[in-house]
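All chains should be built: construct the whole structure from the sequences, respecting the hints.
What the sequence shown shows, in full-length UniProt numbering, is residues 1 to 756, in sequence order.
Keep in mind that a hint or two might mislead.
To be verified - Mimicking BS3-like on lysine-lysine, the simulated pairs with C-alpha atoms at most 25 Å apart in a straight line are:
{"no.": "1", "residue 1": "K641", "residue 2": "K608"}
{"no.": "2", "residue 1": "K134", "residue 2": "K311"}
{"no.": "3", "residue 1": "K262", "residue 2": "K343"}
{"no.": "4", "residue 1": "K283", "residue 2": "K311"}
{"no.": "5", "residue 1": "K229", "residue 2": "K134"}
{"no.": "6", "residue 1": "K229", "residue 2": "K343"}
The set of hints was computed from the structure by calculation and includes no laboratory data. Computed from a predicted structure; not experimentally measured.
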Amino acid sequence: MLGICRGRRKFLAASLTILFVPAITWIYLFAGSFEDGKPVSLSPLELQPHSPRYTASSQRERESLEVRVREVEEENRALRKQLSLAQARGPAHRRANHSKTYSMEEGTGDSESLRAGIVAGNSSECGQQPVVEKCETIHVAIVCAGYNASRDVVTLVKSVLFHRRNPLHFHLIADAIAKQILATLFQTWMVPAVRIDFYDADELKSEVSWIPNKHYSGIYGLMKLVLTKTLPSNLERVIVLDTDITFATDIAELWAVFHKFKGQQVLGLVENQSDWYLGNLWKNHRPWPALGRGYNTGVILLLLDKLRKMKWEQMWRLTAERELMSMLSTSLADQDIFNAVIKQNPFLVYQLPCFWNVQLSDHTRSEQCYRDVSDLKVIHWNSPKKLRVKNKHVEFFRNLYLTFLEYDGNLLRRELFGCPSEADVNSENLQKQLSELDEDDLCYEFRRERFTVHRTHLYFLHYEYEPAADNTDVTLVAQLSMDRLQMLEAICKHWEGPISLALYLSDAEAQQFLRYAQGSEVLMSRHNVGYHIVYKEGQFYPVNLLRNVAMKHISTPYMFLSDIDFLPMYGLYEYLRKSVIQLDLANTKKALIVPAFETLRYRLSFPKSKAELLSMLDMGTLFTFRYHVWTKGHAPTNFAKWRTATTPYRVEWEADFEPYVVVRKDCPEYDRRFVGFGWNKVAHIMELDAQEYEFTVLPNAYMIHMPHAPSFDITKFRSNKQYRICLKTLKEEFQQDMSRHYGFAALKYLTAENNS
Numbered sequence: 001m002l003g004i005c006r007g008r009r010k011f012l013a014a015s016l017t018i019l020f021v022p023a024i025t026w027i028y029l030f031a032g033s034f035e036d037g038k039p040v041s042l043s044p045l046e047l048q049p050h051s052p053r054y055t056a057s058s059q060r061e062r063e064s065l066e067v068r069v070r071e072v073e074e075e076n077r078a079l080r081k082q083l084s085l086a087q088a089r090g091p092a093h094r095r096a097n098h099s100k101t102y103s104m105e106e107g108t109g110d111s112e113s114l115r116a117g118i119v120a121g122n123s124s125e126c127g128q129q130p131v132v133e134k135c136e137t138i139h140v141a142i143v144c145a146g147y148n149a150s151r152d153v154v155t156l157v158k159s160v161l162f163h164r165r166n167p168l169h170f171h172l173i174a175d176a177i178a179k180q181i182l183a184t185l186f187q188t189w190m191v192p193a194v195r196i197d198f199y200d201a202d203e204l205k206s207e208v209s210w211i212p213n214k215h216y217s218g219i220y221g222l223m224k225l226v227l228t229k230t231l232p233s234n235l236e237r238v239i240v241l242d243t244d245i246t247f248a249t250d251i252a253e254l255w256a257v258f259h260k261f262k263g264q265q266v267l268g269l270v271e272n273q274s275d276w277y278l279g280n281l282w283k284n285h286r287p288w289p290a291l292g293r294g295y296n297t298g299v300i301l302l303l304l305d306k307l308r309k310m311k312w313e314q315m316w317r318l319t320a321e322r323e324l325m326s327m328l329s330t331s332l333a334d335q336d337i338f339n340a341v342i343k344q345n346p347f348l349v350y351q352l353p354c355f356w357n358v359q360l361s362d363h364t365r366s367e368q369c370y371r372d373v374s375d376l377k378v379i380h381w382n383s384p385k386k387l388r389v390k391n392k393h394v395e396f397f398r399n400l401y402l403t404f405l406e407y408d409g410n411l412l413r414r415e416l417f418g419c420p421s422e423a424d425v426n427s428e429n430l431q432k433q434l435s436e437l438d439e440d441d442l443c444y445e446f447r448r449e450r451f452t453v454h455r456t457h458l459y460f461l462h463y464e465y466e467p468a469a470d471n472t473d474v475t476l477v478a479q480l481s482m483d484r485l486q487m488l489e490a491i492c493k494h495w496e497g498p499i500s501l502a503l504y505l506s507d508a509e510a511q512q513f514l515r516y517a518q519g520s521e522v523l524m525s526r527h528n529v530g531y532h533i534v535y536k537e538g539q540f541y542p543v544n545l546l547r548n549v550a551m552k553h554i555s556t557p558y559m560f561l562s563d564i565d566f567l568p569m570y571g572l573y574e575y576l577r578k579s580v581i582q583l584d585l586a587n588t589k590k591a592l593i594v595p596a597f598e599t600l601r602y603r604l605s606f607p608k609s610k611a612e613l614l615s616m617l618d619m620g621t622l623f624t625f626r627y628h629v630w631t632k633g634h635a636p637t638n639f640a641k642w643r644t645a646t647t648p649y650r651v652e653w654e655a656d657f658e659p660y661v662v663v664r665k666d667c668p669e670y671d672r673r674f675v676g677f678g679w680n681k682v683a684h685i686m687e688l689d690a691q692e693y694e695f696t697v698l699p700n701a702y703m704i705h706m707p708h709a710p711s712f713d714i715t716k717f718r719s720n721k722q723y724r725i726c727l728k729t730l731k732e733e734f735q736q737d738m739s740r741h742y743g744f745a746a747l748k749y750l751t752a753e754n755n756s
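Shown next, in the form of structure tokens:
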């Protein structure tokens, strides 16, 4: 190590020489151009040999200067050669001492301001070179509960993935809601070199439920205290993060700080940047005991193996019990207890530089943590106000946060070259399926879409619904993109029951939807609407995938398979629940048809009864759905019979039939090969018929299609001949698959198609 330092001193001396010698030379030359303290003009005229001022003496001086300049240039060349040799030896020497290393880190400990390492151009101290192996796995623990926290975790993870160069292992302490959301998200995200493990937060409640907590994080805000028990016993160290964290650098830099811990240091923390623990925020303010300003627990480095040996569990429990006798409850959740323990045992803490946790709550000293953007490492929105917090540079921080919030997560599916990834069965199966496709096939893109894995975020907003106890409950199922968002409020007004919606959005559009929903009194008053975001990828609208996602995540025994541009009649929800009982849907294979109508008027006085609808039908205000474009789609409903029907009646399947139906939740999924426009519902109804579902038309039910601009997919269908050819090919293949699967009974579909 001493050799390295000496080598660096030689390197520095040589560098200074190269800069210093030419500078002295030019000063000398410049000084020589003065005569009696006055600058001598060096104009071309005066430098001519025939100039009166050109003397033999000045000629000799200039010749001697030229000789000296040549000597200096020779010296410089020799120094440069020596420098290049030193630089070549330096890295080789370092590689010999630190094989497989790339990351060095700066940090302070024990209240020092000393910086070490070479990160982002910062200087380093000889002998302090913490290392992170190139393919070393970095472990991160996060406590997450509920719908909102699950959204926050995604933004945090995006910021980590954006900068990372190492494999990551996330340990998520999650409740049942967060586990369902995040397990699906990461499974469909398929990011290489990222592993996820879940730990049941509800099982840990008994460990901390005895501690009264006033903080808005609730009982989950105390669970970082029990990580030594919760995480695997063979896990030695972990970075613990709050969900409201944004990374502005590679997390490996923070992981490298573990190498700086000395003696009994087991906790890496940043000093609290507010005056909370000083007790002077208001009169009679009495915080928990802390060392000086105390420490913030939004970012923690935990040496788990040493903490277990120190009996951490017993240590924090005894401290909490003693302090609660006088404090009665915690105000800042686990942070109060961590600080009380550190107050008694200051040797436990390694103080991180404050840029590892720039705290953006009101009245903090966070501005002292950075002088420039490059100084920022981790931003912590540790205020209930979050992005609305007061800070001189809050606009910059907000923009940084929004960058990751709206960043396309698909771009983070990048490989870590040189690092082996764990075998992923889903990924391997996907690659196998794609490899079997013929890339020269003109319909390759259509076929490929069937196997595309779309990142999916379930329950993007808060959802709370318990199905009716009588087992008659029905969920309306639909899918939409950003251009149909305006239909949501109207549907919620027409349908009071539960709704399951799949939204096909980009990351940026998902945030626009969130703001739209949060600004709508109608949508915010409804907690029985499940919004499931399927993120955009590829060139087609995956309509049947979206339907399947919405169908899969219903909690009722029955579902009404609708489309977003239809408004159900007022009272349809209750009418369907009664029909479910009347037609014994629980014990029979029935598909209850809700007749579909349409209007060409954007402003419609919606009919409040069947009689009113028939009157509007006769007046030409309403029409049977698609009667003038695609009659076959709904003709089998037999609208003439429906006009006078008072009881349900059965109809037979016919080619191209695509009604909107109510079925049990165990009905078959939609076929994913059909994307965009064409045959997506027709194929599903055909399969229901193949499975011997009975189609029954409800006499007093109806729905009305509202007008809108043509979708991009129908425009492609109409204008692109190859699109239509591929759709025809997919139809034929689907029918062949039906024949193979359902045998002789399915031959009628081929016959019906040929006759139509």
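To see whether the hints hold, each was checked on the structure:
Of the pairs offered as hints, the one joining K641 and K608 holds, with about 21 Å between alpha carbons and a cut-off of 25 Å not exceeded. At roughly 33 Å between alpha-carbon atoms, K134 and K311 are farther apart than 25 Å, so this suggested pair is violated. At most 25 Å may separate the alpha-carbon atoms for a hinted pair to count; K262 and K343 meet this at roughly 19 Å. For the hint linking K283 to K311, the alpha-carbon distance of about 38 Å lies beyond 25 Å, and the restraint is violated.
For the proposed pair K229 and K134, the alpha carbon gap of about 29 Å is over 25 Å, so the pair is violated. Only pairs whose Cα atoms come within 25 Å are accepted, and K229 paired with K343 is accepted, the gap being roughly 23 Å.
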